[in-house]
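K.L.:
Residue strings, one per chain:
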Amino acid sequence: MTDSTIIVLITLIIVLPIIMTPVIFFASRYSERLRNSLAVITSGLTFALTIALYPAAVQGNVVQQTLFEILPRLELSIRFDILSFCLAAISSFIWFLCTIYSLDYMAKEHACSRYYPVLILALGSCQGIYFAGDFFSLFVFFELMSLIAYILVIHEETEEAMRAGYKYLVMTIIGGLALFFGIIIVFELGGTVSLGVGSIIQETSFLALIAFICFLIGFGMKAGMFPLHVWLPDAHPVAPSPASALLSGVMLKTGAYGLLRVIFHVFSVDLMLSGGWDTILGVLAVITILLGSAVALTQTDIKRRLAYSSISQLGYILLGMSILNDNAITGAVFHIFSHAFMKSILFLAAGAIIWKTGIRKIADMRGIGRQMPVTMGCFSVAALAMIGIPPLNGFLSKWTLSLGALDAGMPFYVLVLLISSLLNALYYLPIIIPAFFDVPGGEDHGTGDQHEIKFNIKEATPGMLSPLVILAICTLVFGLTPNNIVFILSRLTSAFLLLGGAL
Amino acid sequence: MEDQIVRLTSRLVVPFIQLYGIYVIVHGHLSPGGGFSGGAIFGASLVLIAVSFNLEAGAKQVSPQSASILESGGALGFALTGLAAVVMGGSYLANRAAGFPIGVTGDLFSSGAIFIITLFLGAKVASTIVTLFYNIIEGEKKDGTPEKHSG
Amino acid sequence: MELLRNIADNYYYMVAVVLFVIGMYTMLTHSNMIKKVIAMNIMDTSVFLLFVSVGYLSGGRAPIVDEGLSAAAYANPLPGALMLTGIVVAVSVTAYALSLVVKIYRYYGTCDYDEITDIRSRE
Amino acid sequence: MGPLEHLPVLMVVIFFCGAFLMPLLFRWARPICAPLMVAILAAALVMAIIILQSVYQLGPQLYHLGGWPPPWGIELKVDLLRVYMLLVLFVISLWIFIYALRDLGNELKEELIGWYYTLYALLVGSMAGIALTNDLFNLFVMMEICAITACAIISIKEDRECLEASFKYLILSAMGTGCFLLGVAMLYMATGYLNYDYLHGSLVEAIALYPRNLLLAAALFIVAFGTKAALFPLHVWLPDAHASAPSPSSAMLSGLVIKIYAFALLIVFYEVFPAEMLQGVPLNEIILWLGSLGAMFGSIYAMLQTDLKKMLAFSSIGQIGYIFMGIGFNHEMALIGGLYHVGVHAVTKAMLFMAAGVIIYATGVRKISDMDGIGRNLPLTMAAFAVGSASMIGLPGTGGLISKWYLSLGALEMGRPFFVIIILISSLLNAVYYMPIVINAFLYHGEFQFRVKPVPRVMLATLIFGMIVIIISGVFSRPAVVLLEDAVSRFF
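Residue numbers (our numbering), protein chains in the order written: chain A, 1 to 503; chain B, 1001 to 1151; chain C, 2001 to 2123; chain D, 3001 to 3492.
These aren't lab readings, by the way, just hints derived from the structure by calculation.
Note that the coordinates shown come from a computational prediction; the quantities given were computed from them, not determined experimentally.
Backbone N, C-alpha and C fix where the C-beta goes; we use that ideal spot for every residue, glycine too.
Treat the hints with care, since some could be wrong.
Distance windows between CB atoms, simulated [stated by the list, open to error]:
hint, chain 1, residue 1, chain 2, residue 2, range
1, D, 3485, A, 113, 54 to 60 Å
2, A, 113, D, 3028, 37 to 43 Å
3, D, 3472, A, 113, 28 to 34 Å
4, A, 459, D, 3425, 26 to 32 Å
5, D, 3485, B, 1137, 27 to 33 Å
6, B, 1015, C, 2115, 43 to 49 Å
7, A, 279, D, 3452, 36 to 42 Å
8, C, 2119, D, 3472, 46 to 52 Å
So that you can see chain A by itself, here it is in the shape it has in the complex (with noise of 0.2 Å):
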């Protein structure tokens, strides 16, 4: 594949979407049908362009094109590397699938004629922030991006989804903020602020160490990281669950995303090293694992408890980023697909339970296995990948990850890893076993039948269902084979990054 192709493909999953966004804005005033097939199409064709990109990703391609200057030096511009692929391929995936589950879902709700098109553009701007090829670029697109969130975040409109609201855009805010002075300070220390240079920055100086913390903050707000998490356990559950699923599913690995991009191409791995840099994400990866399991142990909405278990998950990622050797990078990585797969299934099953029955609380979701077998089926999948049970692709990312840390001679964080298992167990089994072992209703178990009657659910309409069957199916086999696809992806790019992840 050539370079040129490669452009024209990248400028096209970016920009597709933004076009379509109005498109979609204005065929809701003709047709509901129109619309939604047009949301569907947009986010399946953005999918397969992303996809088309594969054997140029697999083959090392990489590519870097200055599109626009906005002033000297800085300039908009695109890049393709393999990072970059693997998260545009697994997010318009995930993207399109939840548009798919939207149509059913949400054709109860009301504004619907708003959701769409910002579903959309929510996905250009995501695109454009795997696709940029330098810091401010990507900024715009992260600002542009977290800002659309806010309006699927408080798409009920309720007073609480207010509330969370408005704390989640004043903490984008202040990420966006902080983002704002770490990129000011590299392009102060370096020149430059494009992706395409190798290390910007060649050595530790005090105004590095506040770019770097900076920059924690930015994406580390985004990622849920401790302590700048308070705002996800409140947006993500609030939000319509397809949403949800985006949010916790896609949308927190832009973060995640971001701190590899400034580990690797801002500062180096050498420099990470020598100034201990690593500590600090490390001791903050750490405890936002414990915390955010330990909290999620405390909730009784579902969806809250999912919130929290996203939070310790993407802690599996940051301490991955701070290990910094192949395995705890493969593992951070392929963590990133995984935790994509599983949550997205957790928040879209959650959704068809709550669309069906109303039910939010924990409590009541007892015998709800038998009504819907085929949801709480694909529910527990998930929760089985990411309690880490052997063979499913939670395994495997913690595998590595116990690995890389071994590698690193820190096998501190192995024990954090297995506790966190532990309770992720403790939070995620108390819903599957009495879904599936207890009988609806109450505490009385024996005299279950006459509750059953009441209880007469039939599972979700099949436009709901699919998507959830084509992702736990994602889950198993991308978790049973050792050798698949993602997994080399996430070899491949461990060992792009950590080759200095330069042109």
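Could you slot chains B, C and D onto chain A? The hints should help.
P.N.:
Here is chains B, C and D on its own, set in the frame of chain A:
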């Protein structure tokens, strides 16, 4: 106010004040004074009439409308005289350089454009003083505030 | 002694500064609007005085050109001319300020700033 | 002398002629008043563009009024810096005037509109004069014309708040003038010159003879321009004045008038005072600190406001703080940032005030809390408001980001990352008070409670123009930045 002495005195004095004002205006380039001082003297005479008689009598001399026209006209004339110099080929507000005739130093007409400008300025200042006076007084009258406040 | 002589030599400085400070103080501390306007004039006048005193030449003649006198014999006309403009400006500002005071007075029946604040806070 | 050489003075005179023509025309030929004003503003803009070209070709130009050379005559100077200011000035005043054509009838009595045109022309003319002059005393005269007309376009509305606000403004502005004139007297006593270039030349020697006088003069200038430009803590007059004025006046005052004084301070500090003079004395530092305090406190005060226009007015105090920071850093990058912010904030704040004017025109609502849900009734207006807010916060794609970018780079070059944090915190504060308005306007759960009049197309068109300019300033900032780089390079 109905005071015979004030009225008689001001009626006697006003023509002289006005004449002096004009004198100061036209001799602006020869002796201290000029458009501003002369205009102020001239305007003061008009205010004096209005104060010592009543507003109608003052308005008979120079109506508020014509005062405001004179005001704009004076300033406009000043600006246009400056522009005329540009048209005649000098810098803005140029005098001799633009070709305004300069007489013999010491004569009344010995300053070219300055003389014209001073005249405009005098008209402008005199009418401004009158307009200001009317503005303040009329505001008082129209509104009809209680008497005790207008001390 | 040195200091005193300096002060005595530059007395116009002192007068100007004293006037300026009086004006500024009154302008900022007094709540009566008319007093504020007067203070504004005092302040401006102090500067005019200072400026004119710069151009003054003791024993110098009015700067009307006459044959037979050297340039050193004349007082510097420029500060005077400038201050004439300054006075015109000050007059127009004063007139405008007074017309504002009149109008404010019509609304409130007072031209004391504190009283106006009182009236407005009661509404 | 070719006709082009007279352009500097014509740019000022055309306004004064127009100003005095307006009352006469308004009496006899009312319909042509507004088109004539538009024509004058457009003509001035064209002249500024022509001058820009000739400055690029021939370098800075001097113009001597009446043919008298300095130090006796009044001198006008045109260089890139001034042309930039003039371009900003003319574009924005033309734009605001077009908006004012429709809005004035709403706010003023019919017979006062002619006078409003006069004042408007005088105001623009005097601001052009401030930008162009090369002589301190002429600067003083122009500043006074500007001050009086600026007060007058507030008090022309003749309600109580306007009168009080303009009186307060007038008094404080007169105090500023007094300080300025005293400073001028100090400089004149030390050097005998009033012309910028001559002063600059002779101050180097004078500084050795009269160090205290000259420092006092510099301090007085800070107070004088600071008062007039609402530099914290001399801003007390601004909120009332800008909030109570008719909306076009508010746009003009917040958009341009305070900027022109900041610009004058910049010229005096960089062009008149030699660099040696400011060594060892932390005058720049003072400007910098006051600017950053203003940036913080302006935003904090703005958060507490309930009235929309008052909030915008307080926000101006914060934003002018950035401009002063740009001046105070004494670094090329920061100065470019500050100057760029002059233009960006002029557009943004003018547009926000116009949007507020449209809201008041259409619904009569002034309170922020009453604006919930207004976005559905006035979508375009609130979109403009949203874009303006984005630029105030400094979101990417808007001009606000570019100026903050340069300011921050300047701060870092000077080794002062602390001030970058101040800039960021004040941006955050901006977000805290601008965002809720936009969000509640569009996403409020419920109906807007007030009756909505249809908005004239002209007003909406001006808002659209504003949005476009803000976005262009954020995306295609190169030409302006290059111009500013050329303009300020001679100071460093």
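K.L.:
None of the hints should be skipped; say for each whether it holds.
P.N.:
Each hint tested on the structure:
Taking 54 to 60 Å as the suggested C-beta distance range, the pair residue 3485 of chain D and residue 113 of chain A does not conform, at roughly 46 Å. One distance hint, 37 to 43 Å for the beta-carbon pair residue 113 of chain A and residue 3028 of chain D, is violated here, with the actual separation near 55 Å. For the pair residue 3472 of chain D and residue 113 of chain A, the beta carbons lie near 30 Å from each other, so the given range of 28 to 34 Å is met. Range check, residue 459 of chain A to residue 3425 of chain D: Cβ separation about 52 Å, and the 26 to 32 Å hint is violated.
Between residue 3485 of chain D and residue 1137 of chain B the beta carbons are some 57 Å apart, a value that contradicts the proposed interval 27 to 33 Å. Checked against the hint of 43 to 49 Å, the pair residue 1015 of chain B and residue 2115 of chain C passes, with Cβ atoms roughly 45 Å apart. Our hint of 36 to 42 Å for residue 279 of chain A and residue 3452 of chain D is violated, since their Cβ atoms are close to 59 Å apart. Checked against the hint of 46 to 52 Å, the C-beta distance between residue 2119 of chain C and residue 3472 of chain D comes to roughly 48 Å, which is consistent with it.
In summary, the structure is inconsistent with hints 1, 2, 4, 5 and 7 from the numbered list given earlier, while agreeing with the others.
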